[in-house]
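There are 2 protein chains.
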Amino acid sequence: MAYRRVDIEIIRQIRSKIADDKRVMTEKQDLAGYSYDGSFGSYMPEVVVQPKSTEEVAAIVKLAYENTIPIIPRGQSTSLSGGPLPVEGGIVLDLSKMDQKLEVIVDDLIVVVSPGVLTGNIHAAAERAGLMYPPDPSSSAVSTIGGNLAENSGGPRGLKYGVTKDYVLGLELVTPQGEIIRTGGRTVKNVTGYDLTKLIVGSEGTLGIITEATLQLIPKPLGTATLMAIFDDIVTSGEAISKVLTSGILPAKMEIMDQACIQAVESYKPSGLPVDAEAIILIEVDGHPRAVEEEIKEAAQICETIGARSVRIASTQAERESLWKARKMVSPAITRVKPTKISEDATVPRSQIPEMFARLKKIREKYKVNLVVFGHAGDGNLHPNIVADKRDKEEMKRVEKAVAEIFETAIELGGTLSGEHGIGNMKAPFMEMELGAAGLDMMRRIKESWDPKNIMNPGKIFPEPGQKLNLTEG
Amino acid sequence: MAYRRVDIEIIRQIRSKIADDKRVMTEKQDLAGYSYDGSFGSYMPEVVVQPKSTEEVAAIVKLAYENTIPIIPRGQSTSLSGGPLPVEGGIVLDLSKMDQKLEVIVDDLIVVVSPGVLTGNIHAAAERAGLMYPPDPSSSAVSTIGGNLAENSGGPRGLKYGVTKDYVLGLELVTPQGEIIRTGGRTVKNVTGYDLTKLIVGSEGTLGIITEATLQLIPKPLGTATLMAIFDDIVTSGEAISKVLTSGILPAKMEIMDQACIQAVESYKPSGLPVDAEAIILIEVDGHPRAVEEEIKEAAQICETIGARSVRIASTQAERESLWKARKMVSPAITRVKPTKISEDATVPRSQIPEMFARLKKIREKYKVNLVVFGHAGDGNLHPNIVADKRDKEEMKRVEKAVAEIFETAIELGGTLSGEHGIGNMKAPFMEMELGAAGLDMMRRIKESWDPKNIMNPGKIFPEPGQKLNLTEG
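Read top to bottom, the protein sequences are chains A and B.
Residue numbers for the first sequence follow the working numbering, beginning at 209 and rising by one.
Residue numbers for the second sequence follow the working numbering, beginning at 209 and rising by one.
Think of the hints as simulated: they come from the structure by calculation, not from any bench.
Just so it is clear, CB atoms sit at the ideal spot from N, CA and C, and this is done for glycine as well.
Careful, some of the hints might be misleading.
Pairs of lysine-lysine, DSSO-like flavour, derived with a Cα cap of 30 Å [stated by the list, open to error]: (1) Lys661(B) <-> Lys451(A); (2) Lys225(B) <-> Lys309(A); (3) Lys655(A) <-> Lys270(B); (4) Lys428(A) <-> Lys505(B); (5) Lys576(B) <-> Lys225(B); (6) Lys305(A) <-> Lys505(A); (7) Lys477(A) <-> Lys570(A); (8) Lys451(B) <-> Lys428(B); (9) Lys260(B) <-> Lys661(B); (10) Lys661(B) <-> Lys655(A); (11) Lys569(A) <-> Lys546(A); (12) Lys451(B) <-> Lys428(A); (13) Lys428(A) <-> Lys428(B); (14) Lys661(B) <-> Lys549(B); (15) Lys661(A) <-> Lys655(B); (16) Lys225(B) <-> Lys451(A); (17) Lys655(B) <-> Lys655(A); (18) Lys505(A) <-> Lys505(B); (19) Lys661(B) <-> Lys661(A); (20) Lys225(B) <-> Lys270(A); (21) Lys505(A) <-> Lys428(B).
What the simulated footprint calls covered on chain B by chain A, stretch by stretch (three residues with Cβ under 8 Å from a Cβ of chain A suffice, anywhere in the stretch; the number is not a length) [claimed, not checked]: (22) 532-541; (23) 573-579.
Computed far set for chain A versus chain B, every beta-carbon distance over 10 Å [as the list claims (entries may be wrong)]: (24) Ala349; (25) Ile514; (26) Arg653; (27) Gly674.
Can you build the whole structure from these sequences, using the hints too?
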């Protein structure tokens, strides 16, 4: 596709549609801040626009459509899969300034939000009303709901509560033609035609720009309790996870850290973690206080019976936070080892977690990479992280091969390339491996029917012919 | 679209692809049994095929595609919106014989099913494993999972647990071209490309034929309790519902019956229901037994404080069943009044339920129709049912107008045409009213890109130009 470059005439037209000149940026130093995200690689936009209203978004998209210019929506750039990278240049729409609306409607158990609102602010607003917005991506204090919607973000609570998509009732969307449409509505039940809402959530900005969302809230659970269990071997920890889940308990969170993770955290900030243990599991239950009290005891007993080395229960807020500290230190601890972090989210059926850990161990040895694994064990969503130094081309070649083998292994075990980070540009070359040619073709038909000029976030999800994973350039 | 008729040559080709001649039906008396469903209207298929494998389905779809013949999937024909009606003739695929697979995989909390399996059998298989498949359409004892998937069926438990779509992790699908694809997988988290799974669920057989599904199960709640509250006026009952939901309790079910309903049930089988009350509410909570015990007491207290005339709590299975009896008698009771039942499922935001009841009362008076209302009050999904006699053309004209006004009212109150029954052919004329021209166009783009010959269940969801609701013909 031949795109028109953003020239002086286009800039003039953009400025005529955006009330405030400061919200249209063309200077190199301004653009540079929009050239990267939380993933690998860097690409310069041609212009950055900060719209503040749906009408401004629609006007810019219409202009891009008429002139065949790429248009890339962006929130707070915490994406780990390259979602907001302008890989073909064009117009970056910085939606973080479009954060006017955050309206909790208690009687309908919903909240209506603008795309630039931070997800953490939605959590806080819901809690003030005695309600809860369950999706909790680890980035939620700093990521926007628009980004969460585009990527269908997950998080630890996915086990019990599902992911972002499960809480989206309706959207306002600017289509690739610049039309404003509304999908879904304000009700949990809605079968009026195709579910465009759930098609758009997770489509990574390739089908339109989300300008408003109506999200479902639930009553806030009144009780919470946490336990930490330490296991000498990781297979036993997998058995404990299965046993808890089939005992009638559905925990809110079930997190796992492997030995490499434990060692990295302990050498970063020594706090007495057992560096000889193969796995630490954290289980959190929430709900009615009396149920929570019994369930956490039952879960502890199951872990002990199956063979945990030790189990600790935390009931107060302070005790809970101390148990979670180790898990929260994983990211800073591992980036101390080497500067470049490749964070994956290969997801397997729950029963395959022990096998996945065994395979990841082999991959670590085979390619001599710094691979640590943690993640959401209850729903099979692991985070194999490789830390490396991107200036070391030889090492990056080994990382490339290790990453490819991680993807292949996840699919071989009946899992998926991506549980919660999205495909972006980096995983696009692996799409056909998971979906088959016919499956990928059905996705492409949708993309082409909605966006025939391929202006909406081009270069994402769909592989270019012959495209391969490349971690040594870009 | 000019379809090819099913002639002797097509029949010969169908027979060459289906192993057993008895599974290809062309006799008029056989076809007649496939001309209707649970909705209004009757249309004759040209041939009925009962495939038993994905390969047979793919072969028949390929044949239909090559020859441009309509192809209509069908389960047990309990649809209330015309889903399986062959309105353009063609090949009806009776999938009820394709029921070989019903495999619960406990460690992964999933069940893999063939489309012809009865949903009630999935409930039973999950329970035997200590698990639960939450979606519970009222038809589940007699409807197939394939039909539930095509229509994205709801049910009373939608309030707490969501609908069919929320439990579908993956599908095997035969595309309109006869290709076999797999969407999603076996994991709760999956963001690999567009969510074809959730696009197909609820697409009413217009995008392909579902030949296998992987469904999520959850741990079975160990306790259940029910209460019945009687209210002198319906507005107060709406307040009680809101108050319970914002008190930290999320009931599994919250059902409501209006006065016309109470009177119909009481005159059908007198059991001491208060015929002067404006509303009866049933609330069921489930979960940990200790939580359930407290929550049902709290809910009862809220109802009493807000002004219920009386509240009864049932804790044993027998007591619970006795409370549910009135609700379960609604359907047989109202069809005793008149033979033709038009069952709608207009859904409004929860806070609009009292207003919706007031408007429905006006519609009943304005058009002098036998309108009763019951439904799932907790999630705003009401069932306004009109009973009439379809031989009485004058009455049916009034019913037509009343139905149209019900749809308009639901949309005016921020709701939707259909909460759980689907659009089918009857509601198609109202689609643009809810979605707008641009919104409907985006759905149509998907349909055309997947099924350019419009062979998959034609006449459903999308209105023909100028199409109007018609209850006096067909």
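Next on the checklist: Are any of the numbered hints broken by this structure? If so, which, sorted upward?
Outcome noted: Violated hints: 1, 2, 5, 6, 14, 16, 20, 22, 23 and 26; rest satisfied.
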